[in-house]
Amino acid sequence: MALILELAVQGAQMMLVLLLAPLLTGFVRKVKARLLRRQGPSLIQPYRDLLRLMRKEVVLADNASWLFRVTPYLIFAATWVAAALIPTFATGLTFSWTADLIAIVALLGSARFFLALAGMDVGTSFGGIGSSREVMIASLAEPAMLLIVFSLALVAGATQLSTVAAFMGSPQVGLRVSLGMSLIALVMVAVAENARIPVDNPSTHLELTMVHEAMILEYSGRHLAMIEFAAFLKLLLYVSLISCVFLPWGLAGVEAGPKSFALGAVAYLGKLALCGILLAVFETAIAKMRVFRVPDFLGAALMLALLGTLLLFVSRSL
Amino acid sequence: MISGAAVLLWGVAALLGTAVLAIASSHGSGSGTRLIYSLTLGISAAVLLVLASRVADDPVTPSTAELPLGLPWIGAHFRLDALSTFFLVVVNFGGGMASLYGLGYGRHESAPHRVLPFFPAFLAGMNLVVLADDAFTFLLSWEFMSLASWALVMAHHREQDNARAGYIYLVMASFGTLALLLAFGLLAGPSGNYTFEAMRAAASAPLVAAFVLALMLLGAGSKAGLVPLHIWLPLAHPAAPSHVSALMSGVMTKVAIYGFIRVIFDLLGEPAWWSGVVVLFLGGLTAVLGILYALMEKDLKRLLAYSTIENVGVIFVSLGLALAFKANAMPSAAALALTAALFHVLNHSFFKSLLFFGAGAVLTATGERDMEKLGGLIHRMPLTSFAFLVGCVAISALPPFNGFVSEWLAFQAVLQSPDLPQWGLKVMVPAVGGLLALSAALAAACFVKAFGITFLGRPRSAAVELAHEVDRYSLAAMFTLAALCLLAGIVPGLVIDGLSAVTLPLLGSRMPVQMAEPWLSIVPIAASRSSYNGLLVFLFIAVSGSFAAFVIHRFASHALRRGPAWGCGFPDVTPAAQYTSISFAQPIRRVFGAFAFRAREKVEVPAPGETGPARLTVEIHDVIWETFYLPIGRAIDFATDHLNHLQFLTIRRYLTLVFLFLIVLLLVLALWP
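Note that the protein sequences, when read in sequence, are chains A and B. Using numbering that gives the first Met the number 0, read the first sequence as starting at 0 and increasing by one per residue. Using numbering that gives the first Met the number 0, read the second sequence as starting at 0 and increasing by one per residue.
Hints in this document: simulated from the structure, not taken from any laboratory. Note that the structure is a prediction, hence the values are computed from the model and not measured. Even glycine gets a Cβ: it sits at the ideal position worked out from N, Cα and C. Treat the hints loosely; a few may be bogus.
Chain A side only, calculated, beta carbon under 8 Å to chain B, not exhaustive [to be verified]:
1. GLU56
2. TRP79
3. PHE94
4. SER131
5. GLY179
6. GLU212
7. LEU216
8. GLU217
9. PRO247
10. TRP248
11. PHE291
12. LEU305
13. LEU311
The following block holds chain A by itself, in its conformation from the complex:
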């Protein structure tokens, strides 16, 4: 009985991230539009977009291979699994030990690997430019992310995300310089990984500076729907990650009852809304940077994360 309940909670978490992901993106778009004094699309527009794309036929380039057709499902699956492994409303779910934070980062790496390959499959210059820039960005963002993981792991004594979140919610944490640095670095990495302004612009298809959109230019119909869905999930994943580590309040514990689960879910929605508003304000306030300024931006994140880790090696209390 207990096992069934645990599985139900785990399944609820998987469906929750799946259902909430488009809503978060819609919310960010709405807030951005309101900040620009536009009406903006409806909150549920991303769901409608997904449904519309799924119903349309796929137009496949003549020389697209099987890899091109499999990739959308692989990316969606890897991102979904990664997103479902991040604690949203509760820690210590049944399968939370399947992958620790390092493995979650690497799962996203797998998704990116296949997306970059799919960009090169058709053999157009657009796909190539997108893929080559994507791997350049990843080659800096991934080490930065891993160094952030190191900092968190050194503070909490674990790479297990549930343990990290539980530790961050306990009073032992205190104010630490290294955690501040990690937070800033994590936000920078999250912005880059999700192709948001100032690294990439999610709402353009016509600029030579685009990265993510260039890779998926040849996709259409249900394939595009899967990739878009994966992108929504990835945004949700990073927001969940930041909120479960740095805003761990309200998370239900290991042996929690339905009441604390409900409380955790409400707190989670609040955190999502807060992060969404902050992201929208940030994106509205700054301009997109040139693609070769991105290494400086990510290099700064990398250095901050490295500095945070070094500080922790110097003293565990910093």
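Since the structure of chain A is already known, use the hints to place chain B on it.
The following block gives chain B in isolation, referenced to the frame of chain A:
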């Protein structure tokens, strides 16, 4: 009962017999090739069976054998313990797979009499190095292995650059053996007992130990490809036939690592803490520079060879961590780091063999190694490309494949290191952890490029249009390795538990038993700290991917239409307009190139009105070659030029020289304290 080591010596003898047979029969054509590779395949399989029975029976108790060969009053000693058992598995499994691949690939060989005799000899040499239990046998086998592989590198000696590759390899190999010779001389000490037994018993003074470490880094490091001693590797490995390249990259570098572990962890006794710093630094440098060089490469086999350098760096990082932990009496953390290193040794032998086999298949099908002339092979060679893709994902350290597991274990070992007391290590370890992460990310970029340019896109030359799938032996070898890459990724506990027999005698500790964990997770320390379950990750991805595909195809559209790719309004763009390997690496070259290659780009745009083409010139320097090797080469040229006239002296002057030298020697003896 006959001991394990003696049985394996029979295996070596059989390999040498095969080599002799190959000399006798090599002028026969196809049947000779098939005979030799079948024999080596059979011998490797038999040796693996012997090793398997040993592992099942009792892997820890060493078994020894002695032959009345070698130096008269010493004899040749051989010993089989857990460490050598592990490396023998790597050697013979790699050898067996290369033989299986050779059954098909060898038929395309233009000069079989230059390959067939040396292939079994090379395998025998590697087996002997791992079995050797005294310095003389070790060095002799080491030289035998080097020379056999040199002969294989020179198999196609008339091709451009191969002679130069062979020459540089020979020089570096001799240099490495010289360093090893001196290291063993120091270990043997004044008593001059050359058995490993005696060296293990004798304690070395700290200064001697430091020299031994430096000499082993030079000797074993040059064979393994540590930066800056790697320069021969990307020349020599690709020059050999592809299954030999796979052996050299996947297995021979591992034999070098075996030599390093044997001396530093087993014979030398307690390490000093700073030895960890040195090994960590060299490992981190090797990993990042190796993969950056690989990214700049457009020759598929050279790219793979440079990536071998990166992986050797990763292994040395883990070894450095193990040394640091061992020096500070943290045996369980040391066991974790050494397990990570050995796991990566096994993984790299799987996926690098697989990738070289794939490159060989591409070479057979198209005659091209240059990626700029390939492309679109996924349509022509679907099976090869699938196996190659598995290798690419595995080597990029992506879950759920095996490369990720060893990388993950290395990161877990890094996270153990804040407890280390020395400041040098405290600063070095996180920096090297960052370098490790950087090299993993760059490796993913490199293999996106390798697979994307070679197999995806549109064909860049006519040769690709005519390519077709390779024979079934080659495919069998590739698919076996691909399956093992996945298997070691989803059931890593099996490998980790197997490795515990190796770490236990070397470090006095082992990782906790993994196969007893629920759901086959791996848990290095405690479940609340870190755990990873490749099996569940794989299942979750498979299930959720199929679920998504099923739901969409069942409830939404499954209509599909083919059309031309979007060409921005330009119809029929030529395949030359695709991204090439050089252009793919351009963003990364801009980020890292200035410091790693002194890369410079020059754009020449003709003045308005002129009709000449615009030109983009990229200048890349091999900084290590130019700063270390060219000056040495110039100095040797200079010295030989100026010493040349010593050849034309009169007899009186020669006698004077000899006399003066004698006096100098006597003076040295007299003044020596």
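We went through each hint and held it up to the structure:
1. GLU56: With a closest approach of 3 Å, the GLU56/A hint holds.
2. TRP79: With a minimum Cβ separation of about 5 Å from chain B (threshold 8 Å), the hint on TRP79/A holds.
3. PHE94: Where the cut-off is 8 Å and the nearest Cβ of chain B is about 7 Å from PHE94/A, the hint holds.
4. SER131: Nearest chain B Cβ about 5 Å off; hint holds.
5. GLY179: The hint is violated - GLY179/A has no Cβ within 8 Å of chain B, the shortest such distance being about 17 Å.
6. GLU212: violated, 12 Å
7. LEU216: LEU216/A check passes; min Cβ-Cβ to chain B is 6 Å, inside 8 Å.
8. GLU217: Since the shortest Cβ distance to chain B is 6 Å, the answer is holds.
9. PRO247: violated, 16 Å
10. TRP248: Violated, because the Cβ-Cβ distance from TRP248/A to chain B comes to roughly 21 Å (cut-off 8 Å).
11. PHE291: Nearest chain B Cβ about 6 Å off; hint holds.
12. LEU305: This hint holds: LEU305/A lies near chain B, its Cβ roughly 5 Å from the closest one there, short of 8 Å.
13. LEU311: The hint holds - LEU311/A has a Cβ within 8 Å of chain B, the shortest such distance being about 7 Å.
Figure legend: structure checked against the earlier numbered hints; hints not met, in rising order: 5, 6, 9, 10.
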